[in-house]
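Chains X, W and E supply the protein sequences, listed in that same order. Per our numbering, the first sequence starts with residue 37, numbered consecutively. Per our numbering, the second sequence starts with residue 201, numbered consecutively. Per our numbering, the third sequence starts with residue 219, numbered consecutively.
Check before you lean on any hint, since a few could be wrong.
As the list claims (entries may be wrong) - Sample of chain X residues at the chain W side, in silico, Cβ under 8 Å:
| # | residue |
| --- | --- |
| 1 | Leu247 |
| 2 | His283 |
| 3 | Met287 |
| 4 | Ser289 |
| 5 | Ala338 |
| 6 | Met346 |
| 7 | Ser347 |
| 8 | Thr349 |
| 9 | Ala350 |
| 10 | Leu356 |
| 11 | Leu360 |
| 12 | Ile414 |
| 13 | His417 |
Stated by the list, open to error - Across the chosen pairs, the derived CB separations fall in these ranges:
| # | chain 1 | residue 1 | chain 2 | residue 2 | range |
| --- | --- | --- | --- | --- | --- |
| 14 | X | Ala409 | W | Leu235 | 27 to 35 Å |
| 15 | W | Gly231 | X | His415 | 51 to 59 Å |
| 16 | W | Leu258 | E | Leu275 | 49 to 57 Å |
| 17 | E | Ser311 | X | Gln558 | 50 to 58 Å |
| 18 | E | Gly325 | W | Tyr265 | 26 to 34 Å |
None of these hints come from the bench; they were simulated from the model. Every residue gets a Cβ at the ideal spot worked out from N, C-alpha and C, and that includes glycine.
As a plain string of letters, each chain reads:
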Amino acid sequence: MAPIPSFYETPSPPGRTGIKAWLLTHDHKRLGLMYFWAVLFWFAVAITIGFLIRIELMTPGRTIMSAAVYNSAFTLHGVIMIFLFVIPAMPAIFGNFLLPIQLGTDDVFFPRLNLLSWYLYILGGLLAIVSLFTAGGFPDTGWTFYVPFSVGTKHNVPLTVTAAFVLGMSSMLTGLNFITTVHRKRSPAMGWMQIPLFTWSLYATAWVQLLATPVISITLLLVIVERLLHIGLFDPDKGGDPILYQHLFWMYSHPAVYVMILPGMGIISEIIPTFSRKAIFGYRAIVASSMGIAIAGSLVWAHHMYTSGMSDTAVFVFSLLTFLVAIPSAVKVFSWVSTLYKASIEMTPPLLYALIFIYLFSVGGLTGLVLGAAGTNIHVHDTHFVVAHFHFTMFGGAGFAFFAGLHYWWPKMFGVLYDFRRAYIAATLATVGFLFHYIPMFVLGLMGMPRRYYDYLPQFSRGNGLAAVGGILLFSGIVLMLVNLLLSLRKKTAAPVPANPWGGCTLEWTVPSPPPQQNFLQEPRIKDYPYDFSDVPPPSPGT
Amino acid sequence: MDSAEPHPIIPYQTLILVLAALLVLTGVTIGVSYLDLGVFNVPITLAIASAKASLVLLYFMHLKYEGIAIKASFIGTICFLAIMISFTFWDIAFRH
Amino acid sequence: MAHRYDQTGIRIGMWLFLYTEIILFGGLFVLYAAYFHQYPSAFADGGRELSRGIGALNTIILLVSSCTVAASITAIRHQAKRLCLLLLAVSFSCGGFFLLNKYFEWGYKFAHGIYPNSPVLTGGPAGRNIFFGLYYVITGLHGLHVLIGMTLLALSFVLVYKNKITGQRFALLENSGLYWHLVDLIWIFVFPLFYLIL
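Please take these sequences and the hints and turn them into a complete structure.
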């Protein structure tokens, strides 16, 4: 039988050639890859800036940059990481590539809207680049753009927040597309309780993307309006209340962290059963907790504001609600660990990243309770404790889940496999570096070192020095990981990667690696239970 | 899951009746604004506006004839909006 | 790539987009609620400075235009193409009248020194400054949406004229109608909150 042409060879819509076959594509798989390269670029830029920030903080006083540049550096690092990497990466790359296949269909519901989402992502990135070089340079406000500084500073806030606005539109439209696809384009035999957990996580995420993003849109619009018209909506001299800005800002930005973590949790929920060769423990509980996290996450935003001057009643209420939102996340950790218990475990790079995720995310989540409790928050707010907490959750959590997904779906997307040994070394190096980089920050924060400060008191030198060592190891580990993955693309192996190298049981493992343009050559057979391993062949990765 | 049968066509008569009701309610809300009902002015005004909005949603936007997906997600959106406003009041209503 | 013409799915997509618009304006209503709580009498005074007559007229205009847009869908589904075009033209014109009224309303206020960051406002009571600040931002953003809605209605008009929208395939008309109704919905709340609070 002649080999089936993959989607690389078959443009969609048909007839286009060369670069136009990519820039004008309707194929969700091509779009996923286009996002991959763009996101990888921004990730590389952002971790490099992060690395430079760490070098600057390695010694007290000036190390490699001035204080003004430092303020723009941490703003840039935050803006790129949040709006150009962590929020889009998993939905736009893996969601686009895999959601239609996991649902047994041929594409998303609105393919052209999907293409528009990609162009909005690129436009947002370009606007961010332009804002580096225009009218006052990149903002120095921190990625949170708090008033009054964001309204008063001479740096180019309007262009940067416009970039964030455009990126928000990209995110909203992706969410809209995924929701419609899940409702209307599932394989007819696939009921709601047969949808794989990664797709469920994307569905929950999509609702947050859709409903929460408009809040940041209006908030950023108001920053621009205030800079242009000086109405005074947040200016106490003119009757405004600056705390209301913070309310509006966090009404989006807290749910945004669940946009960041939910798809990552979905990835872990796929990897754990595959390499345990055992059905996931508590499928329904994981579905319910995904939707629960999405809903509960919209109730707690003001836990970022305990010291802002808001009422004591609000402090109490939001602190109480914050503790509640930890419960659905704990349900998931419990389910993953229970799946591993008495399972037939096969160690692979995706599983190693998934296990590291469980540990790092749990630490991050537990330190979130320290921050969520109002009493302890007063002591650590705006210190490096916060910085360590959100890096454990967003980097150790979402970031490592992203790496796990890369290693899991790499053969499906590219039809090649990477070197396992280098992958393990990179993961270990990155994790050791991660721990030495961020654990000192918890201690520094408790000792009182503020965040976003260019300089620090002598007693914080040792912690910062240790963090720098960790940072170098972390950076090296990440670079090695990326080099290993990218090197695999140059391999022209004689034996193509099989459809199911890992022994996974969701639908993407029933189609060739890489898939044909229309995904399925015949109507896929939908199992009654998505994690039924009874007829799945054992893994054969071939390395 | 396919849509061979779009929802029913809304007759002109229904649309005119709904418009008449909307205009009446507009008159009512303007009339009420001339009365001083103290703390009840705002809730009554919002209630009338919500009634008008419901008519537009149910008939002009044919929400009445839509499936559970749109009805439930619309309610969910309004709930999120309600939380946005009401939870902010935990702060501003209890300031010193 | 939707091989079948899934009109329900297209409509679901449009409703999802409308939710984003509701929340977008919702953020501004958060500010209104907070500031109304803080400056109740200044808001009432500000409301008295706005013309109830023009506000009511604009409300009626938008309600009528919502009815005609809904009726245009009934018309095309009854194959009454010319009636559909007429109704769309009426809706479009209503939008135009609305914006014209707004232009005169704003112009009148500007002439009396009431505009964003004006000395009259910044020198006066804080609550009045916030009331009119919100007034301009909310009605301004709403006006922008009226313009977008009018554009969609005009596009629908052209497509109905060219028989690209028919009694069988009318998703675009339906979605333009939904957008227009949203514009009406927002005004249904803006009108009492700014013009009728006393």
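So, going through the hints one by one against the coordinates:
At about 5 Å, the closest approach between the beta carbon of X:Leu247 and any beta carbon in chain W falls short of 8 Å, and the interface hint on this residue holds. Given hint, X:His283 at the interface with chain W, holds; its Cβ is 5 Å from that chain's nearest Cβ, closer than 8 Å. Annotation: X:Met287 was flagged as interfacial toward chain W, and the flag holds, the nearest CB pair being 6 Å apart, inside 8 Å. Of the supplied interface hints, the one on X:Ser289 is violated, with its beta-carbon coming no nearer than about 13 Å to a beta-carbon of chain W, more than 8 Å.
At a threshold of 8 Å, the smallest CB-CB gap from X:Ala338 to chain W is about 7 Å, leaving the interface hint in force. Against a cut-off of 8 Å between C-beta atoms, the interface hint on X:Met346 holds, since the closest Cβ of chain W lies about 4 Å away. With its C-beta approaching chain W no nearer than about 4 Å, X:Ser347 sits inside the 8 Å limit, and its interface hint holds. Taking 8 Å as the C-beta contact cut-off toward chain W, the hint placing X:Thr349 at the interface holds, the least distance being around 4 Å.
Hint on X:Ala350 holds. Least Cβ distance to chain W is approximately 4 Å, under the 8 Å limit. The restraint placing X:Leu356 at the interface with chain W is violated, with a minimum CB-CB distance near 11 Å, outside the 8 Å limit. Of the supplied interface hints, the one on X:Leu360 is violated, with its beta-carbon coming no nearer than about 14 Å to a beta-carbon of chain W, more than 8 Å. Taken as an interface hint, X:Ile414 does not check out: its beta carbon lies about 17 Å from the nearest beta carbon of chain W, beyond 8 Å.
The beta carbon of X:His417 comes no nearer than 16 Å to any beta carbon in chain W, farther than 8 Å, and the hint placing it at the interface is violated. Between X:Ala409 and W:Leu235, the C-beta spacing of about 49 Å breaks the proposed range 27 to 35 Å. At roughly 57 Å, the beta-carbon separation of W:Gly231 and X:His415 lies within the given 51 to 59 Å, and the hint holds. Take W:Leu258 and E:Leu275: their Cβ atoms lie about 25 Å apart, and the range 49 to 57 Å is violated.
Between E:Ser311 and X:Gln558, the C-beta spacing of about 54 Å keeps the proposed range 50 to 58 Å intact. For E:Gly325 and W:Tyr265, the hinted distance range of 26 to 34 Å is not satisfied, since their beta carbons lie about 42 Å from each other.
Going down the numbered hints, you'll see the structure goes against 4, 10, 11, 12, 13, 14, 16 and 18, while the others check out.
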